[in-house]
Amino acid sequence: MFSFLADIKLTNSADKNTHILTNYIENFDWNKMISSFLSTIFSLAVISVLFFLIHSIGKKLIKRSFAGARSKSSTVSRGRIETIYTLSQNIFHYCILFFYLYAVLSIFGVPVSTLLASAGIVSVALGLGAQGLVSDVVTGFFILLEQQYSVGDDVKIGTIEGTVSAIGLRTTQIIGYDGTLHFIPNRSITIVSNMSRNDMRVLVDIRLDPSKDVNEMKKIIADANEELVPTLENLTKMPQILGTVDLGSGDLVLRIVAYAKNGAQYAISRTLRDRYLDDLKEHGFNIPTSPLSLTK
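Take the sequence shown: its position 248, counted from the start at 1, is 247 in numbering that gives the first Met the number 0, and no numbers get skipped.
Among the clues, some could well be false.
DSBU-like mimics (lysine-lysine), calculated; alpha carbons at most 35 angstroms apart, straight line [unchecked claim]: (1) K211 x K155; (2) K218 x K62; (3) K218 x K236; (4) K155 x K62; (5) K155 x K280.
No lab work stands behind these hints: they were computed from the structure.
Given only the sequences and the hints, what does the whole structure look like? Please build it.
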């Protein structure tokens, strides 16, 4: 008897729930839902197209503005102009991205301003990495303010050597001499060695011929300098013969030092060395291939 009554109650309950679900489906405003869905999709499409156009036009305007600055004679170096150009592009990109996300969230009814004003959300953002982002931006700002390096400079940052290709709000991009592109977070940059700001030293060591007079060797090299130097456009300081230098363990060389524009020091070093060796050979000098040691 009790089992029969329980089955009746369960059946009535199931019928009641089915009736409620049926009424909900029948009374649901499908037209309103579809209209709201289509309206949201349309708004997203319009906003996306609008921000895409703003982003494209803005980047082109920035590029055109800096193209004019590059063509005009100015006291600002080309590397400095390229640095400001890449930074401007990055700032514009992040600003457009921020406002685009703000507009998308607003379309979905998310109270963005309330979330941003919430101390809890700010704390969560800081905990998720905003501190690192702020550190990157602040460090990047001081790098630009102090002009530590510019786009096109040859630098050494930590163990990475190469040419600066871009400076952004978060990272600095370095193209290594082997072609590798390195992305370095600005907060990780502590010591920077800039090899593009000053003239670079050209060091040439010529081994001594023990059977010849050192003074005669100096005269031949000096004569070679007088003829060769006018042809070297990137040479900034006349080669100077320092004299005999002991490399250690009695290994003697004749050292010549000059200065050249950054990036040209290796080519000039090879040019000077080749000319010195050719002239010395013509005058009967036999330059040893192994170090000349005076010790026994």
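- Which hint numbers doesn't this structure obey? Of the numbered hints, 1, 2 and 5 do not hold.
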